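K.L.:
Knowing the structure of chain A, use the given hints to seat chain B on it.
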Amino acid sequence: MAGIEVTALHKRYPDGTVAVEHVDLSIGHGELFVMLGPSGCGKTTTLRAIAGLERQTTGDIRIGDTLVNDLPPAERDIAMVFQFYALYPHLKIRDNLAFPLRAEGLPKPEVHERVNEAARLMQLGPLLDRRPRQLSGGEQQRVALARALVRRPRAFLMDEPLTNLDAELRADMRTEIKHLQGELGATMVYVTHDQVEAMSLGHRIAILNKGRVEQIGTPLEVYDRPASLFCAAFIGSPPMNLIEVEVADGKLRGEGGLVLPPPPGLPRDRRLVAGVRPEALEVTAPEAEGSIPARVVSVEWLGDEIIYVVDHGGQRDVRVRMPPTVRFAAEAKVGLRHTGGTPTVYDVSTEELVA
Amino acid sequence: MAVSVDEAVSTGPARDHTPPVRRLGGRGRSVLEVTLLTVLAVVMLFPVLWMIETSIKENRDVYAIPAKFFDFKITLDHYKDVFVNPDGGRSALSVSFLNSVVVAGASTVLATVLGVPAAWAYSRFAVKAKKDQLFFILSTRFMPPVVVVIPIFLMYRQVGLIDNKLGLILIYTAFNVPFTIWMMKGFVDEVPAEYEDAAMLDGYTRLQAFRRYTLPLLVPGIAATAVFALIFSWNEFVFATFLTSSDDVRTAPPAIAGLIGGTTTDWGLVAAASVVFALPVLVFAYLVRKHLIAGVTLGAVRR
Numbered sequence: 001m002a003g004i005e006v007t008a009l010h011k012r013y014p015d016g017t018v019a020v021e022h023v024d025l026s027i028g029h030g031e032l033f034v035m036l037g038p039s040g041c042g043k044t045t046t047l048r049a050i051a052g053l054e055r056q057t058t059g060d061i062r063i064g065d066t067l068v069n070d071l072p073p074a075e076r077d078i079a080m081v082f083q084f085y086a087l088y089p090h091l092k093i094r095d096n097l098a099f100p101l102r103a104e105g106l107p108k109p110e111v112h113e114r115v116n117e118a119a120r121l122m123q124l125g126p127l128l129d130r131r132p133r134q135l136s137g138g139e140q141q142r143v144a145l146a147r148a149l150v151r152r153p154r155a156f157l158m159d160e161p162l163t164n165l166d167a168e169l170r171a172d173m174r175t176e177i178k179h180l181q182g183e184l185g186a187t188m189v190y191v192t193h194d195q196v197e198a199m200s201l202g203h204r205i206a207i208l209n210k211g212r213v214e215q216i217g218t219p220l221e222v223y224d225r226p227a228s229l230f231c232a233a234f235i236g237s238p239p240m241n242l243i244e245v246e247v248a249d250g251k252l253r254g255e256g257g258l259v260l261p262p263p264p265g266l267p268r269d270r271r272l273v274a275g276v277r278p279e280a281l282e283v284t285a286p287e288a289e290g291s292i293p294a295r296v297v298s299v300e301w302l303g304d305e306i307i308y309v310v311d312h313g314g315q316r317d318v319r320v321r322m323p324p325t326v327r328f329a330a331e332a333k334v335g336l337r338h339t340g341g342t343p344t345v346y347d348v349s350t351e352e353l354v355a
Numbered sequence: 001m002a003v004s005v006d007e008a009v010s011t012g013p014a015r016d017h018t019p020p021v022r023r024l025g026g027r028g029r030s031v032l033e034v035t036l037l038t039v040l041a042v043v044m045l046f047p048v049l050w051m052i053e054t055s056i057k058e059n060r061d062v063y064a065i066p067a068k069f070f071d072f073k074i075t076l077d078h079y080k081d082v083f084v085n086p087d088g089g090r091s092a093l094s095v096s097f098l099n100s101v102v103v104a105g106a107s108t109v110l111a112t113v114l115g116v117p118a119a120w121a122y123s124r125f126a127v128k129a130k131k132d133q134l135f136f137i138l139s140t141r142f143m144p145p146v147v148v149v150i151p152i153f154l155m156y157r158q159v160g161l162i163d164n165k166l167g168l169i170l171i172y173t174a175f176n177v178p179f180t181i182w183m184m185k186g187f188v189d190e191v192p193a194e195y196e197d198a199a200m201l202d203g204y205t206r207l208q209a210f211r212r213y214t215l216p217l218l219v220p221g222i223a224a225t226a227v228f229a230l231i232f233s234w235n236e237f238v239f240a241t242f243l244t245s246s247d248d249v250r251t252a253p254p255a256i257a258g259l260i261g262g263t264t265t266d267w268g269l270v271a272a273a274s275v276v277f278a279l280p281v282l283v284f285a286y287l288v289r290k291h292l293i294a295g296v297t298l299g300a301v302r303r
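These protein sequence lines map, in sequence, to chains A and B. Using UniProt numbering, the letters of the first sequence map in sequence onto residues 1 to 355. Using UniProt numbering, the letters of the second sequence map in sequence onto residues 1 to 303.
It is worth saying that the hints were derived from the structure and are not from the lab. Heads up, a few of these hints could be off.
[Stated by the list, open to error] Heads up, simulated BS3-like pairs for lysine-lysine below, C-alpha to C-alpha not over 30 Å straight-line:
hint, chain 1, residue 1, chain 2, residue 2
1, A, Lys178, A, Lys210
2, A, Lys251, A, Lys333
3, B, Lys68, B, Lys80
4, A, Lys108, A, Lys92
5, B, Lys130, A, Lys210
6, B, Lys80, B, Lys165
7, A, Lys92, B, Lys290
8, A, Lys210, B, Lys128
9, A, Lys92, A, Lys178
10, B, Lys131, A, Lys210
[What the hints assert, rightly or not] Sample of chain B residues at the chain A side, in silico, Cβ under 7 Å:
hint, residue
11, Ala126
12, Lys128
13, Gly186
14, Glu190
15, Glu194
16, Ala198
17, Met200
Nothing here was measured: the structure is a model prediction, and the numbers come from that model. Positions of the beta carbon are idealized from the N, C-alpha and C atoms, including for glycine.
Isolated chain A (complex conformation) (with noise of 0.2 Å):
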C-alpha cells in the first residue's frame, strides 16, 4: 500500500472542455478517501488521470515515491472498480479473477491460491463456477471487488461503484467496503456523487466543484464547517438554509428579524451570509420567548423526523429539521427561532467562509 500525491494536476480535452481545472490531494496512505461532487465535477477524470487511463495535460501524480505521468495503467500497480462492474461476458467468475495475475504471468498455484483467498473475502466460493450474466447486481460488484483485491494492487481506485444497486444492497455494499478496508489497510480512493455514501465511507472528503477542490476535510468537518457556499449548499439533507445576514449591536441580523450569534472575527463592509443547519432552527409556538413570527409553508413527514418548511419574511423560506413530536399544520402561524452555536458566514461576492 501507498499514498498518493496530486499536484497541480490539469486536464484540457482537445475538444476544449477543461475537465480539472487545478487539483492539488494528497492521500494518506491506508487512508479512504472520498472524492465527492456534482456531475462535470472533475472528480472521475481526476480518478483516470490516477489510474493513468487519461494523460493530465499539466501536474504530477506520484503513487508511493513513484512518479508515474508517464505509466501506462498496468504499471502503476493499481486496482479500479468500475460502475459497470466491467467484468468480462464471456469468462467465469473464476477466470475473470484470474484473469489479472494470468495477465501478469504468475505461476497457477499462486494463481489459484489467490482467487481463493479473494472469493473466501467476498464470500463469492458457490459462485465461481458461473457467469457474470447469471449473478445479481450485487454479486456483479463483489465479484469486481474480488477482481481488484487479488492482484494485491497498491492502491484502489472506486469510480462509483455502488451506483447501479439498489438502496437496501447499496448500505450493505458500502458497510462491506468500508470493512475490508479496514481490515486490508488499503489505500483507497473513492469516487462518489452520493453524500451519504461519502460521508459513512470517507476518513476524508475532497468536495469538488468545477474542476476545483472546494474543500478537504473529515465528514465532521465537512458537515461543521463548509468551506464555501457551494459545499454549504452541497452537503446535508436538506441542505444548510443560507441566510442574508447584517452585523449589528453585536449580533447577526438575518431578514425577518432573526438574531444568530456572531462568530468571531467578521469582516466589515461586506454583504455576509450566514449557513444554518435545519436543525439549528426551532419551530415554536407562535410568540415563544425569543422568536420571530413565521408561517408554516410545507410539511414533509419523514417518520422519525419532520421537515418544516417555514416563511420568515426572507427572501428565501428556511427549513427546519424537528423531532416528530412537535407538530404544526400547513399554514399555521410559528414561530421560528436559532438554538445552535454560531453559524458559519459566508462573504456573498466570494461565496467563501469567512468566520
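P.N.:
Only chain B this time, still in chain A's reference frame:
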C-alpha cells in the same frame, strides 16, 4: 368494411357495448387489413414472380399473346446461357458475375477494415471538432453518385483507373466507409468503455484491449454493417456503367442492362441473369437477418 358500417348504423349506440358487435367490427377491420396487404403483396411481388416465370419459359412463350401464366413448358436453357457460351466456354455474363463478387467483396472488406477502427476511435476518444468531422464524413454521402461521376471519371482517366476493377473497388469503398463509420459508431457506443479500461489496468495496451474485448462484442454490428455495404456495392449501377467498358472488367448490373437493346432482346436471358443476380444478396441477408434487425433498431432500447 361495409358490413361493419351497416351493423353500426342499424344497431344503434345501445348495442355498441355488446361484445358481438365489437368482434364484428374487429373482423371487418382485419378483412380490410388482409385485403390491403394482399393487394400490396401482389403489386410488390408480381414483377419478381414474372421475372422468375420469364426466366424458365421458352422464347416462344415469352412473347405469347395473351401472356401465359401457367401452361408453359419449363426450360432451364436461359440459366445455362447465363453461365455458358453457345459455342462452349465461359460466357461474358459469368465473367461479370465473378467481377461483381470480387468488387463487392473487396470493397466491403476494405470499408469494414477501415471503418470499424475509425468508428471505435470516434466513439472512445475526445477528438478536436468531432461533430464537425463526423458531419463532414456523412456529407460525402449527400450527393448521389451521378453528380460526382464525371469528375471521378476525369480523375480516374488521369491515374489510369478507368476500366479497372481496382478503380471500382476504391470508389465503392469511399462510399461505404462513411456509412460504416456512422453505423459502427452507434454499436461501439453501446459497448461500455469500462471493458477496455479494465483490460488496460490488467496489463493490455489500448489496441489489445480493443481487439480482445470490444471487437468480439461488435461482431453482430459488423455483420449488419457489412451486409448493407455489400448490398450497396453489389447493386451499384452508375459508377459501374461509366467507369468500365470491357467485358473483362464490367460488373453484373451494367452487363445485364447491356443485354437490353440492339435489334432483339433475349428477355429469357435477361430474366435468368436477374434472378441469378438477386439471389446472393437475398440469401446473405436471410442468413444475417437477426443482426440486420439489431442494426436497424439500434438505440431503440436503453441498455
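K.L.:
If any of the earlier hints don't hold here, list their numbers in rising order.
P.N.:
Result: hints 13 and 14 break, sorted rising.
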